[in-house]
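What follows is each chain in one-letter form.
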Amino acid sequence: QTELRMTWYNDGNEGEVMQGILDRFEEANPDISVTLDVVPYQAILESLPVQLAAGDGPDIARVTDLGGLSEYYLDLTPHLEDPEYWRTNFGPFLNWLDPTGGGAISGFMTQLTVTGPYVNKTLFEQAGVEMPGEGATWDDWAAATNEVASALDIPIPMAWDRSGHRVFGPAISMGAELFDEEGNPALVDEGMRTMAQMLYDWHEDGTMAKELWGSVSGSTYLGANEEFANAQTVLYMSGSWQIPQFATTIGDAFDWWAVPAPCGPAACTGMPGGAALVAMEGTEHPEEVATLMEFLTQEENLAEFYGETLFIPGHLGLAESGVEFATDDPRAAHALATFAAAVPSISPIAYEAQGYANNRVMFNAFISRLGEAIVGELTLDEAFDRMEQDVEQQLAEQAR
Amino acid sequence: MADATAQSRPGVLAMLTARRGRGKLHWTDVFSYIYLGLGVLLMFGPVIWLALSSFKTPAGLVEFPPTLLPLGQISVPVEGYDDPLLLFSVTTETGETRELAQIRRIGIVRQMVDPAAPDERIDVPIDAAEPIREFDMAWENYTDPLQRFDFTRYLWNSVVVTVVATAITLLINSMAAYGLAIYDFRGRNGIMLLVIGTLMIPITVILVPVYLVVTQMGLVNSLWAVILPGAATPTGVFLLRQYMLTIPRDLIEAARMDKASEWAIYWKVVMPLAMPALAVLAIFSVMWRWNDFLWPLIVLNRSEVYTLQVGLNAFQGELNVQWHYILAMTVVTLIPVVVVFAFLQRFITTGIAASGMK
Amino acid sequence: MTEIRLETIRKAYGDVEVIHGVDLEVRSGEFVVFVGPSGCGKSTLLRIIAGLEDITSGSLKIDGTEVNHVTAADRGLSMVFQSYALYPHMTVYKNMAFGLENSRMPKAEIDARVREAAAMLQITDYLNRRPKALSGGQRQRVAIGRAIVREPRAFLFDEPLSNLDAELRVTMRKELAALHAKIGGTMIYVTHDQIEAMTLADRIVVLQKGRIEQVGKPLELYNRPQNLFVAGFIGSPRMNLIETTVTEGPALVSGAARIALPPGAPVTPGASVTAGFRPEHLDIVEGDGDIAVTVTFAEQLGGETYLYCAAEGLPQITVHRPGQLPVEKGQALSLRLDRKQLHLFDADGQVLANGLANG
Amino acid sequence: MTEIRLETIRKAYGDVEVIHGVDLEVRSGEFVVFVGPSGCGKSTLLRIIAGLEDITSGSLKIDGTEVNHVTAADRGLSMVFQSYALYPHMTVYKNMAFGLENSRMPKAEIDARVREAAAMLQITDYLNRRPKALSGGQRQRVAIGRAIVREPRAFLFDEPLSNLDAELRVTMRKELAALHAKIGGTMIYVTHDQIEAMTLADRIVVLQKGRIEQVGKPLELYNRPQNLFVAGFIGSPRMNLIETTVTEGPALVSGAARIALPPGAPVTPGASVTAGFRPEHLDIVEGDGDIAVTVTFAEQLGGETYLYCAAEGLPQITVHRPGQLPVEKGQALSLRLDRKQLHLFDADGQVLANGLANG
Amino acid sequence: MTDTTGFGARATRVVTAPLRWIFEALDKPFQALQRLGGIGSMPWWFLLPNLLFFGGFVILPLFINFGYSLTGGTRLFLEDRTYTGTEQYAFLFDCGNYADPTSCREDRFWRGIYNTATFIFFQVSFLVLFSLVTALILNRKIRARGFFRAVFFFPVLLSPVVVALIWKWILLRDGLLNAALVGMGFDRILFFVSPEWAMFWAIFVSIWAHMGFYTLILLAGLQAIPPDLYEAAEMDGTSKERVFWRITLPLLWPNMLVVIVLALIKGVQVFDEVYVLTGGGPGTATQFIVQYIYNTGFTNQVQNFGLAAAASVVLGVVLFVLTLVQLAATRRRDGG
Ligand SMILES: Nc1ncnc2c1ncn2[C@@H]1O[C@H](COP(=O)(O)OP(=O)(O)OP(=O)(O)O)[C@@H](O)[C@H]1O
Ligand SMILES: Nc1ncnc2c1ncn2[C@@H]1O[C@H](COP(=O)(O)OP(=O)(O)OP(=O)(O)O)[C@@H](O)[C@H]1O
Ligand SMILES: [Mg+2]
Ligand SMILES: [Mg+2]
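Residue numbers (the numbering used here), protein chains in the order written: chain V, 9 to 408; chain G, 1256 to 1613; chain X, 6 to 364; chain E, 6 to 364; chain H, 9 to 344.
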């Protein structure tokens, strides 16, 4: 009997759902057993790369640094019965997993995410403020949330996840290009400066609270889901993955509403993203891994998975046909619909950024330096210089 | 004879008035007891606060101002509704307060019902209703995360790691300490310098090289990978050696005259006498091993070898900070430490005092 | 029974030689006491015999076999340490049994031996106590018991009584003497206490600076010291020693002292001679004596009296008389020496005479 | 000069009273020694006088002023501790100057006083050393020096010599006596050493269990003990004490002893009487004596001899004779008591007679 | 401990039975070694197991680490990495002005160093001060001394992560402390937003967590001071203040030295508790040198082992100097 190990992390109930599917798989393939090793997310980010580099990695892992770890992925193509199925249904995402563009098939998205804001609709109602509608700009939202907050004495008008990934969507809306003509990263341009300046000003004028972006260092992630769930903030810029969690933690305490990505001069886009389940090159059982991956990507299994976890499908066919989400919460359903609808309007730059192997270098450089600027350790201009230096240095180091 | 009566006054009063010198109550006496009182508050308070908080619901946790005890909202069964409904204290427009149960909330309005008169529906603006609460321990903070994984297995792994590692640490460190304390040999100073030198290297900075060594030995994903690397602690050698130096040489020589082999001297004479220092090291070792997180996270990626610390943190996802679980799990990991402390604290005090060093 | 022989034993720590060639034979069953000033090498010599220190050169023989390279454990000797070195974590029983267990003796025999020794030393009642719970004298006995049970070829003691208070010391001294009388083993005993040496020893070995000064029976050393060092060292209070010049007569002259010697005394006029006379060999006489002194200080102990006297040009002269003497401070006395007990030493400190005919 | 008066001083620790009403007057310039068995309260009494312990009841007066509530610092006394309690981190000079600096004395005067005391105690050469680098005797002197410089109203000593070895103790004892002779201050001295008490004291205070048993000059206590406790306590080796019955004659009979008493001895036939006689008051006689004994153990110290003898129905009898006695173990002896030195105590331990006419 | 019949003792015997068996079993081989090599060889046999572990898991990694510092790239295995010589060091030390981190190429490294220095300065001073005060008070004749001693020692047993969580939980925006402040009519303070407050709490919490240990060392020192010295001082008419400055403190000095040096070394190594408490923020206000190393080598997407290793070698040199200071200090104590 062959044992396969799958390293997994959980944001919600996806582990349990996956376990259910795996049980069925084992039933169908008695000679293969699959063990789900649930680790803290920190291990996926920090330990997994080292383990993979040392050759001690698992057979399959759920990862978020899609491109960065691509050198360790297994190309499943030779082992798949129907590679075309994969190309058709996972086409755009396969490139994220293979930034070299060689056409390898290494895995699929357990979850597609789209970034975008949530608002506390109830607060708007209580304050009697009109919610900005489709096509509203970030400035409109800033003004509206400020109005609500001051009317109801809400401490934080607007909160964003402390994450470069979250910022890049709006930044692209502001006109950031992220890459130069040759496709090399060019982090700081006019659009990015506008975005950074905007965030900086919001922190200065109290639209955003320094607690989030100012209170930790480096690239540390901090979310505002608690503040949002406790109605401490009017608008929360995060992403589709919060839906299952809000459905349980907020429930019907107030009306939490996902709204379409606000606009900038260049676009109205969020960032795509997500986690992928990928096969690892280090495996001793590529055949069995392929068997498992094929099983997992069967349409009905994926449909069950996305449906139960309330994840936006990373399967084009299912995206088209729609997944029946296992929720009777109208707010969750609305949010899912909103994010799913946003997928077509995502800017190509955003896709390119998400597919770029070293995108985290850019994210981190931006968020850590901007954070330092916000607390006053650097001026914004110094911060821009440092961002570029950081990116340049890390890429150089990697190229050695 | 005010002093004499003070001496024999019993109980708390005596405790409050007892003091070092004779003569009048010195300002230092007053200061001492204020300091000690504040000390107890400051040292114990936070831990107790943590323990209390760990029984609060997520909503209770973020409540401001916080309540001292964990409270839960009361729900009552109401005729005509399948599930019990949550009870609120409602201030009506006329200013009187009533206890109403909520059916559902729509926008900024709660649809409510009087449990006594279930037929009539009342609409109440949300800010006019206050939840009614009572003391309620949110045990689910503990049971939920513990059910999410194989708690007993991880616990067993943690216990194995802690016990085996502590045993190995005590054995090899005490042997080394014995060698360095009892014998006078060429190279001893060199080894002591090495020990003291490495005493100061924080493990965090050599994580990767140690991982390389462990990989090369093929230990990854076995408990040995967690047990072995920290076994030869310079701290332990240093502590034990300093203590063993205080054992009179005569005893060693007496044992030699008594035909004891060097090994017998080590374990029958020196080890029992080094008990206080061994106990201190044992306590520290248990503490280190039990709480170890960063290192197991790197070398263990298979669930059958997870330790409790890795397992408990596995519910920390990419995007959640679930304080109610974190606090509860913190309390869980605290329990063995508290137990060890309760049993061995007199060893700690005599041990460290006697070894005069860490 | 065991005979121990030391042949030109030398011991150096690094470059410093602390034992300079010691020759000594300890006879079977003999109680030999090492005395000497602090740092003279008593302990070192004892530890060499025990095997706890290496020998730098020379040869140590036990019953005729050289044991230079035999470890302490295998020499079959027992040692009682000054600190007793009882194992604090073991009961008295365990302390005594430990050595036997190490040689894998059957449990029953261990038990028998321990109980026998305990009975002999009257510590049977404490067998289950830890040393901490014993008084000084009891600890002492346990230490001896631990030595006895192993039925060693010889016993070594390093100042075993020096940690006890004066009264207990007297008791334990008598017990040790009784013990030796009873079991009769070869014993080597280190002390710097005069009285212990005098009362316990069959023979005393006086050491100084790593060399043997004299070996002999206690009263022999007391009565016939072979050199100035032994004369000054043995006896408490010390022998009075005064440096004199021999004049015709012959007589010894120095400051306020003029000691006429009987004819035939082994002195040459003009020579420097040190005269030694013990405090108890001075009589207080009416009229002219040998030395005219003034009492500076009198100690009336009731049963005996010590007088400390000053005399012109002489060091302090001590007088020891039995009973209570009605002597006051500042009183002038005339002292007369017992010639039979007068010791004379030449300029090199070697003895010229131990006792002369009464002059 | 300072007079210290204790009036029914009591001291209790919690519920346990350890000093049961002590009355004592220490006269100005007097050297008073407290002796008594361990735990009898000597140190406690001294510390009460020093001000280091509170008084439970009673009154302590220095020069007529009650000082019960005066702090130690303000009583103007100096104390020399058993451990010396020298400040290990200060030089000898600093140690001696410390107390003076506390009272903000001008530097020049401090210097003068320290140097004067140092000269007197012959420690001028060590003024810059730390206590660690001094020998026991030197430390002792520093401790005394520290007491002297403050020119205290009285000196208190708590077993100051007990940490020294035997030889040094003798020297330091003499120095102390000389010191008292020189500066003449009031001194209270605690010891459990017989000889120190006998030789140093103007008066000895014998304590037992927190009570005074007898106060008197040394030889008075030695020759005329008022009760059994003092008789047994003063004198080393101890007085021989045997319990006897008075028969007609009168005579004292017990076991192998039959001691005829001269007529008029204060005894009633049939009464129980304890007879006490010191070891040096026993003569060895040919033929019939008072007690027939067998020697169990003889200690020949050269200048004197101790015999430990067994007699039927009696405790061990100690005999102390000057000189070297040719006595062997096991030899039978006949002992005769000096009636002039015979002490008789009644059944309550109170004295009946200290010395009788020779019978 | 002396109780040989109680439950505790019996339990101990049961627990130690296997240990005893192991020791018994090891007796034979060690006796053989002793017969073979004599007593002179025994220390090495006793040291051997520890040295093996030590060599494998400490010394060897230290060498590998040094190897890393001379190489670049992101490869894990030393042989795959590009040799760069001292470039990593040069990069670290590329500064316009060493006193101004913003002028340095690797500004975070220097910020880490300056933050660590600030932290150590305050943490060590106050740690020593509070330990001393606590030890002095615990050394007085107070009731329930054992209890109070335990109270102050207790936090030493908590893991750094737990310590940080406990305090974070209290210091949060809606935490207990802010509730108290609001209750007393003050404004809320966002402790983790202000660099000064963040540093303050980092120092405070680390003192809270470690004070008990140092207190115990000082307490041991205090208890070793003979009480009669105090009585002698009392007889000498010394005021309490003077007794403290002139007697207690000098005699406690050796222990103080141990405490200071240990606290310094632990201060340089500070990482996890502050990392969990403040996350190094706000900005980089509480980012310390060890966190810099950890981030550089571990949390960044490009795991820069070489640079991290170079920084840790620099840190090692600093620690080594501190070690020498300690050795010199203890030497002096032993000698003088
Ligand atoms: N380990 C050693 N290294 C160097 N010298 C030593 C050592 N042990 C002892 N000595 C020296 O050897 C000499 C003899 O020491 P020993 O202990 O035998 O003296 P002792 O006669 O027993 O003295 P005491 O009566 O003080 O015990 C001393 O001068 C001592 O300094
Ligand atoms: N602090 C205390 N608490 C309770 N009892 C005490 C205390 N100090 C002394 N004692 C008791 O008081 C009695 C007298 O003690 P003290 O120290 O005065 O005796 P001592 O005559 O000096 O004895 P030693 O000759 O052994 O020094 C003893 O029984 C002792 O146990
Ligand atoms: Mg010696
Ligand atoms: Mg006393």
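If you're looking for bench data, these hints aren't it; they were derived computationally from the structure. Being a predicted model, the structure only gives us computed values, none of them experimental. Even glycine gets a Cβ: it sits at the ideal position worked out from N, Cα and C. Treat the hints loosely; a few may be bogus.
Residues on chain E that point at chain H, a partial pick, calculated with CB under 10 Å [said to hold, decoys possible]:
| # | residue |
| --- | --- |
| 1 | 17 |
| 2 | 87 |
| 3 | 88 |
| 4 | 91 |
| 5 | 151 |
Structure-based check of each hint:
no.: 1; hint: 17; result: 18 Å, violated
no.: 2; hint: 87; result: 8 Å, holds
no.: 3; hint: 88; result: 6 Å, holds
no.: 4; hint: 91; result: 8 Å, holds
no.: 5; hint: 151; result: 8 Å, holds
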